[in-house]
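Undergrad: Residue numbers (the numbering used here), protein chains in the order written: chain H, 1 to 308; chain S, 1 to 538; chain D, 1 to 315; chain G, 1 to 515.
Please keep in mind that the hints were generated in silico from the structure rather than gathered at the bench.
By construction, the Cβ of each residue, glycine as well, lies at the ideal position given by its N, Cα and C atoms.
Keep in mind that a hint or two might mislead.
[What the hints assert, rightly or not] From the derived model, a few chain H residues whose C-beta atoms are all more than 12 Å from chain G:
id	residue
1	I71
2	Q146
3	M199
4	P257
5	P258
6	V268
7	I273
8	E274
9	L289
[As the list claims (entries may be wrong)] Simulated pairs of lysine-lysine, BS3-like, Cα-Cα distance not exceeding 27 Å:
id	chain 1	residue 1	chain 2	residue 2
10	G	K104	G	K187
11	D	K8	S	K299
12	S	K284	H	K214
13	S	K151	D	K7
14	S	K284	D	K8
[Said to hold, decoys possible] On the chain S side, residues computed to face chain D include the following (Cβ under 8 Å):
id	residue
15	R90
16	A95
17	M96
18	F98
19	A104
20	V108
21	V165
22	I168
23	L266
24	D268
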Amino acid sequence: MRNNDVTTMGAAPPTDTPPTDTSARPAPRTRTPGGNATVRRYLAAFRTPRGVIGLTILAVLLLTAVLAPVIFPHGYDQQTADSLRGSSGRHLLGTDELGRDLLVRTVYGLRTDFSIIVVAVPLSMIAGTALGLVGALSRVAGAVVQRVLDIILGFPGVVLGVCVVLIMGPGWSALVVAIAIGGLPYFGRQARAALLEQMGREYVVAARTLGVGKGAVLWRHILPNAVDPILVGGAIFVVVAVFIEAGLSIIGLGIQPPTPSLGSLLNVGIRFIEQSPMYILGPTAVLILLSMSFSLLADALNETVIRK
Amino acid sequence: MSTEPLLRVHDLEVTFDLQDEQLKAVDGVSFDVRPGRILGIVGESGSGKSVTSRAIMQMIRHPGKVTGGEVRLNGRDLLRLNEKEMLAVRGKEVAMIFQDPQAALNPVMRIKDQVVEALHIHGVDSATAQARALELLEQVGIPNVPEAARKFPHQFSGGMRQRVVIAIALANNPSLLIADEPTTALDVTIQAQILDLLRRLRDELGVAILFITHDMGVVAELCDDVVVMHLGRIVERGPVRKVLTAPEDPYTIGLMDAIPKMDSPLRDDAPEQEHTVLEVRELKTDVNTARPGWFRKPKPFYAVNGVSLEVRAGETLALVGESGCGKSTLSRTVVGINEPAGGEILVNGTAVSARSDEQRRALARTIQYVFQDPYSSLNPRRTAGQSLEEALRIAGVPRADVRDRSVELLERVSLGPQYLDRYPWAFSGGQRQRIGIARALASDPRLLILDEPVSALDVSIQAQILTLLTDLQKTFDLAYLFISHDLAVVREISHRVAVMNHGEIVEQGTTEDVFENPQHPYTRTLLTATPDLDKAIA
Amino acid sequence: MLRFLVKKLPSILLVLFATSIIAFLLPRFAPGDPAQTIAGPDATAEQTEAIRQSLGLDRPLFVQYLTWLGGVLRGHLGTSYIFNRSVSDLILSRMESTIELAVLASVFMILIGIGLGVLGGSTRSRPGRMAVDTANTLLLATPAFLVGLLLIVLLGVTWRLLPVSGEVPLSENPEIGIQYLLLPALALGLAHAPSISRLLQTTMRSTRGEEFVDLARAKGASPRRITFRHVLRTSLGAAVVAIGIRVGELFGGAIIIEAIFARNGLGQLAVQSVNARDYQLVQILVMGAVLVAVLSQLVTELILAALDPRVRLDA
Amino acid sequence: MREVQRRSRVRSAVVAGAVALALSVTGCQSAVKQQEASSAGAKPTDVGVLTIAQASDIQPNNVLAGRLGNASWAANVFETLTRYDDQRKPQPLLAKEWKVADDKLSISVTLREGVTFQSGRPMTADDVKFSLDHLVKSSSQVAFIAKKFSSVDVTGPTTLTIRFSKPIPNIFDLFEYAFIVDKDSVKGLADGSKVIGTGPFLFKSWSPGSEAQLVRNDKYWGPKPHLDSITIAVINDSTAMLNAVRSNRSQIAIGMNPVDIQSMASNSAFSVVNTSGSVYPLGLNLTQPPFDKLEARQAVNYAIDRARIAKQIFGAAGVVTDLLWDPTSPGYPKDLEQRYTYDPAKAKQMLTAAGAEGTAVPITVIGLPQNTSVAEIVRRNLEEVGLKPVIKVQETQGFDQIQIAGKLGTAFMPLHGLNGLGASTLMDSLPSLRRGNSSKFWTDEYQALRNNLLAADTDAAYATALHKLSEYILDQAFTVAVVQALGQNVVAKSAHELTWTSRSYLDAKSAYVDH
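Only chain H is shown next, with the shape it has when bound in the complex (with noise of 0.2 Å):
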């Protein structure tokens, strides 16, 4: 009932508004196959200024944990009995309670914390979103799901990962299931989401008007259109990964001594924060790096991929 292409003048957004006419615009990738469409989409992203900021923080982060053992390779357990120094030139961030250079510790509490989102986060995002879809199979237990889904949301984060650590003790494992737990509401409805988009629009209609089947319909219709909001929000919940991972750690609860991670290390920091305030420096600033470049990246994922 409405002309739509009137309505472009007035009021869709006005990076809209070239006043063409509705033929065909210009199209120079009209050939790509669909797979190089998409990553390109992506590699648009990463062309913006934040994208690009934030994908140099990464790529620095990501390459320094990755070859921390290169970089450094006697551990990150040299004690000495230099303890608590501040920065030096043989210690840049000086060292810890056991004479441990934090510099060190940082590095290889970082590669802690990649360890755990890379875990953590795709099998949170895998199993939430398959969550979210089930109401596409069986109307019952979507809603089903949706509830038990509310329920986990009612947790606050910490609160969840600390009943998580109650049952299964601090350490790697249970930080990666709370937060791969923590995010399966965050996904699910995400995906729930999506898929109620989805299922009013008339491509999917068209679809099952077709007798296409449910599965079908949902694989190849629903998923690859549902795909970019979750993984932004994949990019956004890293960044609660990392605060969880920290959170729970900073009350002990967390990744156990002596292997660092950044939030242990901040728990250790705190007791000396008196003595030197500098023990925190270190794990405090590859912790906001961390988080921001995965934020920026979301946002920039956001700007380009789903906002077009």
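With chain H's structure known, arrange chains S, D and G on it following the hints.
TA: Chains S, D and G only, in chain H's frame:
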């Protein structure tokens, strides 16, 4: 005609600063608006008509910029005014009416407050403003003003909202009213009322109106003068009657030809066959799915309430009605998107339902659906070829033949094979709709349900699609259930017409009968409300 | 509104019921044994067993659950194993600290969040936007405990403006109490603010594209008036939703903030009770955390309905 | 117009708020100023109140056991029969006099007369008997001594005789611990609702986890205490505790972080009081490789860098010793203190000889901050000599449970308070040494050496027996003393006449605070 122009737009130029190019949306546009006259600006999408109107108010959105010309209101060049001086002009000397009254009203403000605000801003004191607001609402025909004034926009119908927007525009007695497609979002009957109102206000208040529209019929009914815009330039101007009856510019001529007219000859190719492809008996559809509580049953709302109709092979049955009358729900129930709450659907004489995928597939071999919005009925992540392939595979075409058959389908809708690997965004609206039709043809159906297939398209494109549909019908002996709110289009394409209102069919008959000799009062209202190009000019 | 509450009740009860089961089972699945805690390190197995029996911990889980739930429904929250005090007493005695923290933190969060959001949602200049965006990005990347640590190092260790550790209840000495409260509340509020400001900013920016804003401009409304009366007013709903979610998270975040600022609030009580396997306390605290989250959601919906006439509660 | 008004109202509210905030920060009272002024030597305003900051909460239910949280108050509310003086000679308190029978198989005690419980009821020999019986059932470290009693006979209102089948030389260790409780109100101890003793202060209130209050007992049998009241603030964060003491909110800090204590020691307004310390042992399980081999166990002793641990973790409070006895306790074999020296090369060689190189050694560690730090160094030390240690931290409760179940595994690091007890008591009270220890170590020779110590009736004989026993423990190396740390309390110089008992409990009956 001798009076000094109230508004003189001279050589206006608006440029959009896009990332890769400078785009001149308005390129050397000049026109005058005289007091008490209505000037229509007509054009298809992208012609620059809205941008022009916004330029007058200095309300062009980023990244657009006025790059030349002047806009003189009572001799003063508005483009030379700074933002602060413009604040005093907007709403005081020039006021604006928008396309979508639903979006144009602040959803969280009571309507009276919105009218009062317009007065308030220009220095009217509170008590006077309150009284004036009620007066204005009365003037634009809001019933039961004292009560209505306290309501929020969402509690009004579209027509009433547009009246409120007009009341706001009139608040400070502006000398110029800019109306940007004010009736496009409204049903014809409401549109007629709003046009009436505008005419009345012009007559009573002597306000000049700049009326932007894409609809020649509306221009014919309302305007005194008209300018036709195309790609940012004015291609034709003059008194309405002259431009509409004797256009000179080739673009205008083409445009006028493309417009379906209420006096063009009816179709005379009604098929001889008596075979009924689709029969609907006493169909009911409940659309109230909202759950009111845990233990209460929802109260049913029947969008389709006991409808019976039949479509014979090779014929076009048009289903006409205004928004919310249930015509789309009816068609969606037939193909199984909605579930019927009662009644029967017979395809080729056998009762069917479309509950399971299996049943849908069987149904899809006979009946296919073409959607209104070609933008959203194609999956943006799949190429045209992939969309066709899916439909062909469902129809049982072996994988090896898919490519050939896809090319064949594209040819049927006059598209070349090079389009197969394109994504939907690389197509124009008309091309997308062609692909939608091609997909529907994949299973060699007997009946197409066309749900407002052309209402999202510009007139010229609309004409092409209608021609394509007629050709396809002849070639493949297709039956159409053609759903539309546009009587002119319906008249041009249908053999028979069913008029729907409030979920029921109020009148059914041959196109000639319904248009020439309408029986039901609702049908008559619809017909009178539809702007009639020729009658207006005559 | 009453109808809305009645309608909401079943789903709230369902969530609480499910939570009660989780809260009850959680500590019991965990390794560790409250009987052991009470008996002490030098106790013999027999002594421990006797304590276990006297606490009823030897009975089937189902029976224990029903006993507990029955008690809770009648207002008996149970007795803490480690403190030997009634759980309600313990919670009441710690409540002031956490509520003071949460309330002041919420105030900071809302003020900063909405302030930044409005700034970001109304600034049109590029540098202005970039400044707000940068502030947001930085804050978003900094969790509450880091803000807290930085505040401690800056204002507590380097400049010694405010005390960074410990607390004095406001009810006892408001003047000193507020000084102990300022930094932790600021840390908590500041860290949660950007998610509000970002949502508000995005909503405001997109609201600016709405036609009713055009109408307001066409009326001749000044930019300030448009920002506050039209754009902010209609975008506030988004901020309220974000605040509702954040308040629940804020209570969770209080656990860590209390730990690093050494406040004896409910968060610390929770950590202690988890470490000591004090089932009775853990259960109630978990339920409480969820209840707060659920209630804040409910209040959110009520406020939302008050803000936006289109939202009908009993629809 | 309305709009304008509203806006100005909002603005003035914001301004008012900002002003209020500024006032509260810069205003007349500043928490930080308070704290700095006092550290510069200003006088506290409140005279009669002593405030104690301590890391752990008080535990009325465990008043008969030695718990750090009770050190500040228990000896002010409850009293014992006797109390050790500086030379560890028992001095009368509630007991006026006592006499050990010649056969050393009984002791008769005469109680001080006119002592009443704070409830007003006179204390009698019945209460003493009740308290001793109660102690047997309690989790007290010295309950094992009371278990050796064959009978406790009340012979008069203020006299009683305790009999035993074998001599109990360390009975005064028991007396040091055995607070005399009121049998009528003993149940109130469980939740701290009724805490009644005979001491100079009354237990007034307790809010668990945060604060307890004592007030002067005006009916005390001895000289009236000076203080009006004692407030105990539970502050389990080291920085907060530091603040509390610096700002003079508290005059005493118990359980402060060792690193913080070092910084306080240099402050002239405070003094550091050494109290009975703790020992951090590393237990080695004889039933599991590699510690089934003596050489491997001894190698561990050579591998540990005790000096670094003592200095790095405990600073001035660290005591470098190979022994588990309190260095101030009688008969302490000082010459054995450095029996093992840090010699990683030798340790490595011994381990290789024992074929233990590269063996994985899980170490269960109790999850207390200092303990885990010590464990970190131990782990590193063991790694350096070729073992593969892995630390498993257990919260206190979990650790206790595993310990009781005897499943601490190959190696473990508990924490033992020495509580001012002598070696003859420690060998039965320390879980690492007593029968049924987690090292699964027990030999006839060990038994004999222990018996010798108990049977020693002169100081010299005791010292000899202890030397032999110590040597044997060192040789067998089933438990390795990693480090000892003195308890250290920080006391403001504004508090005077504080007495610390041998087990480091505070007695504030003659204390006063500067005006």
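Undergrad: What hints, given by number in increasing order, does this structure fail?
TA: Numbers 4, 5, 6, 7, 8, 10, 14, 23 and 24, in rising order.
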